[in-house]
Amino acid sequence: MNRTTALLGSAALALTAASALAEGHMAGEMTIVSWGGAYSASQQNAYHTPYMENTGITIINDESSPEAVAKLRAMEEAGNITWDLVDVEAADAIRLCDEGLAMEIDHDEVLAAAPDGTSASDDFGDSIISDCFIPQIVFSTTMGYRTDLVGDTPPSNICAIFDLETYPGKRALNKRPLANMEWALLCDGVEKADVYDVLETEEGQERALAKLGTIKDQTVWWTAAAETPQLLADGEVVMGSTYNGRLFSAIAEQGQPIGMLWDEQMLDFDGWIVPAGLPEDRLARVLDYLKFATDTQRLADQAAYISYGPARASSAPLVGQHAELGIEMAPHMPTDPNNAQSVLVTQYDFWADYRDDIDAKFQAWLAQ
Amino acid sequence: MVALTPISRTPVSFYVPVVAAAGAFAGLLVGTARDNSLLGVVLGALLLAAIAFAVTQLIENERLARWAIFAVFALAGLVMGGLPALVVGAAFGLFFGWFIFWLFEGRYRERLAPYLTPGQVLWHYSFRVICGMIFFFLITPIVVVMPLSFNAEDFFTFTPEMLQFKPEGYSLKHYEDFFTNADWQQALWNSVRIAPVATLLSVSFGTLAAIGLSQPHVPFRQVIMAILISPMIVPLIISAAGMYFFYSRIGLQGTYLGVVLAHAALGIPFVIITVTATLVGFDRSLTRAAANMGANPVTTFFKVQMPLILPGVISGALFAFITSFDEVVVVLFVGSAGQKTLPWQMFTGLREQISPTILAVATILVVVSIALLTTVEMLRRRSERLRGMSPG
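Line by line, the protein sequences are chains A and B. Just so it is clear: in the first sequence, position 140 is 130 by our numbering, and no numbers are missing. All you need for our numbering is the position in the second sequence, starting with 1, plus 272.
Treat the hints loosely; a few may be bogus.
Stated by the list, open to error - Pulled from the structure, derived: some chain A residues nowhere near chain B, Cβ distances all over 12 Å:
1. Arg236
2. Lys281
3. Thr336
4. Trp341
As the list claims (entries may be wrong) - Within a straight-line C-alpha distance of at most 20 Å, the following computed SDA-like cross-link-like pairs (lysine to any residue) qualify:
5. A:Lys160 <-> B:Arg306
6. A:Lys351 <-> A:Val188
7. B:Lys445 <-> A:Gly245
8. B:Lys575 <-> B:Ser476
9. A:Lys281 <-> A:Glu43
10. B:Lys438 <-> B:Glu425
11. B:Lys445 <-> A:Ser239
12. A:Lys160 <-> B:Asp307
13. A:Lys165 <-> B:Leu622
14. B:Lys445 <-> B:Ala634
15. A:Lys160 <-> A:Leu139
16. B:Lys445 <-> A:Ala28
17. B:Lys445 <-> A:Leu315
18. B:Lys445 <-> A:Gln244
19. A:Lys160 <-> B:Thr429
20. A:Lys182 <-> A:Val333
21. B:Lys445 <-> B:Pro419
22. B:Lys445 <-> B:Phe422
23. A:Lys160 <-> B:Thr304
24. B:Lys438 <-> A:Asp224
25. B:Lys445 <-> B:Leu435
26. B:Lys445 <-> A:Lys351
27. B:Lys445 <-> A:Glu243
28. B:Lys575 <-> B:Arg556
29. B:Lys445 <-> A:Ala242
30. B:Lys438 <-> A:Gly245
31. A:Lys160 <-> A:Ile205
32. A:Lys160 <-> B:Asn308
33. A:Lys165 <-> A:Ala200
34. A:Lys281 <-> A:Gly46
35. A:Lys351 <-> A:Trp212
36. A:Lys165 <-> A:Ala80
37. A:Lys160 <-> A:Gly225
To be verified - Computed far set for chain A versus chain B, every beta-carbon distance over 12 Å:
38. Ile22
39. Glu57
40. Lys61
These aren't lab readings, by the way, just hints derived from the structure by calculation. Since we're looking at a predicted model, the values are computed, not measured. Quick reminder that beta carbons are idealized off the backbone N, C-alpha and C, glycines included.
With the hints as constraints, model all of the structure from the sequences given.
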């Protein structure tokens, strides 16, 4: 008995040691960090799979984007950068760039030009909100509502969230001030041009919170974007805010009785950053991937799997049909002219200056 | 069953209020489901009091009365909420038919000692009800998940089709997703690859440590013991952060070996504790006797000591295995995407996409855990039986 056990034990140890040696950062591997779910699947289909077929490099998906900032800080501290490319929201990209955790990029040199020769920086235009940020998609935070719970007059205006008389029932809103504060002021009669001027002041912030206070006891606060579609599908809420791609998926792919509102949608960008301090060979591989994955055709391809708009102007005409359902995707893009009649664009400068302050007030107000 | 106590019918002033109280509770459940708890309580109490009085005073035949209650409740359920409510109503009917006559005939005293005071009888049953409720609250969240995993839709929702028991409301597609989706299969494979090796390491080191620490002549036993079981006491997030920085420096972060070692460290305290507990009853003169007969320490360990402490080792191994199999915090730090385990995949799945595939996996894991625990318990009983038969 003792010999068998000893043999088994040493065999297991040898196995562990062997597989440990076989792992580590192999030459043909690249770890790409993203958000998971349908979004990662769209990147897999549009970028990763064709790239792996072309080059033979294996791409490992890590679904850690929600904690990307914290993890990149820890990696920097430990001197062990294990990620090659990270998908983050624009606001996080600015933060990582300021902290020196993301690499600054010369967009025209690293990224491919548009097919008609327009330089990358012109093609991406305003979506390049930071020197470290390589934009990918435009998404928006907007409202979805239960078509069977709103009666004969479905909401057509964002202020329906505050209208408890016409649309009684619970609402779902993001558990952070972004978008909520802007909507509250707009619906409290502030002119759109003045929203941020008002929100800068103490009284303006109080005013927004007071407006939100009118529906506070009827609001479910979400932290993960998947919650709103779930609550809508349950009929727990009458309406709720979430990302437009989530609503598209619940409506078109899952066939739920949900309608969506594009009025005053809050536009935001999402894209790549390259962690600072990658070794030469890994950096070269990442830049090669980036050039491929952000070209005009690839960004348009992604829209076949998820309803987020490509960040390049030259990609918009190439957006085709949904890969499985065959729906024309262009009318479901937040950037489509019909949908973009009234939009709010996230003001990164404003939120960079006021985020901590307003966040603290908002959380304190929530706890009251 | 033999009746211990002679029983007699109870007065109306006793059983009608008690049935009314139970009715109020049932009314609370029904009323809450229909958004009017208070009305439910009042109606439930009045209705059940009336029924209890009526069936005991007007209908002499108990069987008939119980069938009548059953039928009325089932019908009321059907009228109020269709097929699913019919089942609930029928269950209520069965219960109240039995409950009314149980009280009325005084059967509740049947199996209790005759000298118990009414207070003691009350406590006897309250205790059982309280235990039942605790069990109910512990088990319901787990049970609710199981039917939802057969949902035909991609949400955590009991659809109207499901509640009416229509076949189209149910589907196995989330199980299919689990078994065909590469992400889930990779996660399952990683878990299966990590947990047994981590368990093996925990058991080897933990058993050795426990045996060593149970020797009276080892210096600083308490201190060493405290250090070894500290992973169980220190908050997991702190161990995880510490391991992250340490493993990063020595190149173990993001490797299979790193995760295995981290999980082994978490599992060792369980093995030490269970093995130490069994060693308390271990007779040390047996090892001396073995040595006396010429066995070297290794042979003594495997032939004499190990078989006797095996139950402790096995339950320690089980805890170590489950610790590794369920662990999400440490693997998030120490692992990289290549070591994504099932709990990690469930965690990201819950955050990013509330998909019932998670529920399907949870159901499978619950079934596997039950099977595992049952097997171990049966093995333990078998070895106990065998040992009981062998001399000494």
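Evaluation of the provided hints:
no.: 1; hint: Arg236; result: 9 Å, violated
no.: 2; hint: Lys281; result: 23 Å, holds
no.: 3; hint: Thr336; result: 21 Å, holds
no.: 4; hint: Trp341; result: 23 Å, holds
no.: 5; hint: A:Lys160 <-> B:Arg306; result: 17 Å, holds
no.: 6; hint: A:Lys351 <-> A:Val188; result: 16 Å, holds
no.: 7; hint: B:Lys445 <-> A:Gly245; result: 16 Å, holds
no.: 8; hint: B:Lys575 <-> B:Ser476; result: 16 Å, holds
no.: 9; hint: A:Lys281 <-> A:Glu43; result: 16 Å, holds
no.: 10; hint: B:Lys438 <-> B:Glu425; result: 13 Å, holds
no.: 11; hint: B:Lys445 <-> A:Ser239; result: 18 Å, holds
no.: 12; hint: A:Lys160 <-> B:Asp307; result: 15 Å, holds
no.: 13; hint: A:Lys165 <-> B:Leu622; result: 17 Å, holds
no.: 14; hint: B:Lys445 <-> B:Ala634; result: 15 Å, holds
no.: 15; hint: A:Lys160 <-> A:Leu139; result: 11 Å, holds
no.: 16; hint: B:Lys445 <-> A:Ala28; result: 17 Å, holds
no.: 17; hint: B:Lys445 <-> A:Leu315; result: 19 Å, holds
no.: 18; hint: B:Lys445 <-> A:Gln244; result: 14 Å, holds
no.: 19; hint: A:Lys160 <-> B:Thr429; result: 17 Å, holds
no.: 20; hint: A:Lys182 <-> A:Val333; result: 10 Å, holds
no.: 21; hint: B:Lys445 <-> B:Pro419; result: 13 Å, holds
no.: 22; hint: B:Lys445 <-> B:Phe422; result: 8 Å, holds
no.: 23; hint: A:Lys160 <-> B:Thr304; result: 18 Å, holds
no.: 24; hint: B:Lys438 <-> A:Asp224; result: 18 Å, holds
no.: 25; hint: B:Lys445 <-> B:Leu435; result: 18 Å, holds
no.: 26; hint: B:Lys445 <-> A:Lys351; result: 45 Å, violated
no.: 27; hint: B:Lys445 <-> A:Glu243; result: 15 Å, holds
no.: 28; hint: B:Lys575 <-> B:Arg556; result: 14 Å, holds
no.: 29; hint: B:Lys445 <-> A:Ala242; result: 19 Å, holds
no.: 30; hint: B:Lys438 <-> A:Gly245; result: 19 Å, holds
no.: 31; hint: A:Lys160 <-> A:Ile205; result: 9 Å, holds
no.: 32; hint: A:Lys160 <-> B:Asn308; result: 18 Å, holds
no.: 33; hint: A:Lys165 <-> A:Ala200; result: 16 Å, holds
no.: 34; hint: A:Lys281 <-> A:Gly46; result: 16 Å, holds
no.: 35; hint: A:Lys351 <-> A:Trp212; result: 18 Å, holds
no.: 36; hint: A:Lys165 <-> A:Ala80; result: 19 Å, holds
no.: 37; hint: A:Lys160 <-> A:Gly225; result: 9 Å, holds
no.: 38; hint: Ile22; result: 9 Å, violated
no.: 39; hint: Glu57; result: 8 Å, violated
no.: 40; hint: Lys61; result: 9 Å, violated
Of the hints listed earlier, those the structure fails to meet are numbers 1, 26, 38, 39 and 40, in rising order.
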